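**Student:** The residues making up each chain are set out below.
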Amino acid sequence: MANTSLLPLLQTLVEAGATLAFALSGLLEAARKKLDAVGVCVVAGLAAYGGGTLRDVLLDRRPFFWVAHPEWLWGLLALCIAAMAFLRARHFAPTERAMQWPDALGLGLFSASGTQLALAQDLPGIVAVLMGVITATFGGVLRDIVCNEIPTALRDHQPYAVCAFAGGWVLVGAQQADMPAGAALVLAAATATGLRALALATGFSLPRWSS
Amino acid sequence: MANTSLLPLLQTLVEAGATLAFALSGLLEAARKKLDAVGVCVVAGLAAYGGGTLRDVLLDRRPFFWVAHPEWLWGLLALCIAAMAFLRARHFAPTERAMQWPDALGLGLFSASGTQLALAQDLPGIVAVLMGVITATFGGVLRDIVCNEIPTALRDHQPYAVCAFAGGWVLVGAQQADMPAGAALVLAAATATGLRALALATGFSLPRWSS
Amino acid sequence: MANTSLLPLLQTLVEAGATLAFALSGLLEAARKKLDAVGVCVVAGLAAYGGGTLRDVLLDRRPFFWVAHPEWLWGLLALCIAAMAFLRARHFAPTERAMQWPDALGLGLFSASGTQLALAQDLPGIVAVLMGVITATFGGVLRDIVCNEIPTALRDHQPYAVCAFAGGWVLVGAQQADMPAGAALVLAAATATGLRALALATGFSLPRWSS
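These protein sequence lines are chains G, L and C, in that order. Per our numbering, the very first residue in the first sequence carries number 376; after that it's consecutive. Per our numbering, the very first residue in the second sequence carries number 376; after that it's consecutive. Per our numbering, the very first residue in the third sequence carries number 376; after that it's consecutive.
Mixed in with the good hints there might be a few duds.
One copy or two, it doesn't matter: identical chains are merged, so the pair holds either way.
Computed cross-link-like contacts, SDA-like style, restricted to lysine to any residue with a CA-CA straight-line distance of at most 20 Å [said to hold, decoys possible]:
| hint | residue 1 | residue 2 |
| --- | --- | --- |
| 1 | K408 | T470 |
| 2 | K409 | P469 |
| 3 | K408 | I520 |
| 4 | K408 | P582 |
| 5 | K408 | A574 |
| 6 | K408 | D553 |
If you're looking for bench data, these hints aren't it; they were derived computationally from the structure. Computed from a predicted model, the values in this text were never measured in an experiment.
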C-alpha cells in the first residue's frame, strides 16, 4: 500500500526538515549571549533535537533521531562552523525573520509527528497531544534555560505551543474518525502551521492574566 | 487482606491529593513572573508532576502518574484557567499561606511514596531515600529553574528536603523492622509532614555555612 | 586474560576517582551562591554525577553509578558536611587551583569511559564521542544551570569539551584499529587530559565568533 511505505518516509522528512529553523534559533541565541564555539553547537543542538529527545525519554523510545541519523549531527556541526565563519551580527535579524516560516512548518510537523508517536503507544489523547507540544516547543525551552532566560515560549503571549496543541487534537480526532494515517498527519500539521502563520500575519496575542 | 487492597488506593491518594498545593505553587510563581497562559500551565504542571516524573525516569518506571491518570491533566488545565479567570494579585499571599499546610502534607506523602517505590525495586536505602526527596522537592526545583531563579529549596535555609530525607529513613527502618507496608508508609509520611509543620511553627532554620 | 579482568576495575576507578574534583567544583559554586546545606549537597552531587547520569538516561543504562555504588553517596554527604565545617572562603581559590589537575584527569577518564560505554552499544562514532563529552561536561553544565548561570563550559572559550571530543575520537579510532580495550581507554583518556593540561599550561583559548 502506498501509505504504508510513504508514511515512514514522510515522518523522516518531518523530523529532519524542520531541524534547520530550530537549530538556527539556537545558534542565534548563542551568538547574542556571546557563547563560545562549544556553546554555539550545544545550544543549536538542544534547540534542534531537545524537544524530540525529551519526548523519546518520556515515551521510553530508542534510538533517538540523532542516534539513528548521525549524519544530521555532522550537518549540525557544519552549520555551526559555517555560521561562525560567515554569519555576522547584521544578518541576525533578517535570518530570524526568514526563519519564522520554516519554523512555523516545523511547529506543525513536529507536533503532528510527536502526537502520532504517542498515539502509536496507545496513550490517552491529552497525553499524546502533550507529547506533540513537547516535541515542537521544548527544544526552544531548553535552549532558553541553558542561555539563562525565562523561555520565550512561556512568556511572549504569542500563540505557539497553543497552535501545536490544536494540531495535536486534529490528529487525535482524525485518527478516531479512521482517516488514513498519512492524511491525518498532513491535516494536523497543516492546522498547527496554518494557525501559527495566521498568528504571525495578524499579530494576534494570547489574553493576559489581569492579576 | 485489607492492606493488600488498601495500599494501592492509599498510594494513589498519596500521589493525587498533594498535587493541588504543588500546582498552585507553580501557578503563583508563573503569575509573579508575568508568564503567559502557556507558561502558567507548564510551570504549574512541572511543579505538580516534575518531581514524580523525574523519579520515574531515574527508576525507569512507566507509565508516569499523569499518563496513567490523564484526567488529572484536565484537572490541572481547569485549575490554571480558573486561576487566570478569578485569582488576583491580592489573593496570592493568602493563597500561599493557606497552601503551606497541604504542601507539608504533600511533602510527607510524596517522600514516603517515592521512597517506597524505590525500595520495591530493591534499591539501597540511601538511594531510595534520595528518590523520595526527589519526588517531593524536584517539582519545585524545576519550577524555579524554568522561572530563572535559584531553586528556593536549595537556598532558603528552611527545613524542607531535610524533612523528606528524615521521613524516607523512617520508611527504610520500618520496612527493615517488618512493619506492615501501609503502617510504614503512614508513619514515614507523618514524620516528614510533622517535621515540616514543626519547622513552619517554630521558624527553625538550617545552620549556615559560615564561610 | 589480564585485560578482561582489569578493564572493569579500571572503569570503576575511572568513574570513581575523578568524582572528588567534580563534586568540589559544585560545592564551591554552591558556597559562592550562598546556598543552604541542601543546596550544597545537591549541587555537589549534580556536578559529580549529573553527566554520567544523563548519559545513562540517554543510553537507557541502569543501574546508575551512584545506585550501584551507594557508598559514594555517603562519601559525597561526608564531603559536603566536612566542607561546611572546615572550608572557609579564603580556601576557595586555592582549592579551585589545586583541583584543576584532578579535574583534567576526570575530563579524560569520564570522556573515555563514556565513549566506550556508547561504543559497547554499537552506536555510531559521533554519537559515542558525544556521550563521552556529555559524561565529562554535563555535570558542570547542570551545576551552573541550577545556580542560575550560563554554563561555564559553553562560554569561557577555554578548551574543555573540545579536549573530551578529541579524546573520544582517539578511542573510536583505537577501537577500529583493534587496539586492546584497556590500552585504547588509557590512550583516549591521556589524549583528553593531555590536551586539557596543555591548554591550562599555555592559556590557549578557542577562536571567537567575530560576529
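**Student:** Give a verdict on every hint.
**Tutor:** Right, here's what the structure says about each hint:
1. Only within a single protomer do K408 and T470 lie at most 20 Å apart by alpha-carbon distance; the minimum there is 17 Å, versus 29 Å between protomers.
2. For the identical chains of this complex, K409 and P469 are intra-copy neighbours only, at 19 Å inside a copy versus 29 Å across copies, given an alpha-carbon limit of 20 Å.
3. Taking CA atoms no more than 20 Å apart as the test, K408 paired with I520 passes in both settings, with 12 Å inside one copy and 15 Å between copies.
4. For a Cα distance limit of 20 Å, the shortest separation of K408 from P582 across copies, 16 Å, qualifies, whereas the shortest one inside one copy, 30 Å, does not.
5. For the identical chains of this complex, K408 and A574 are neighbours neither inside a copy (28 Å) nor across copies (24 Å), given an alpha-carbon limit of 20 Å.
6. In this assembly of identical chains, K408 and D553 lie within 20 Å of each other by CA distance neither inside one copy nor across copies; the values are 48 Å within and 43 Å between.
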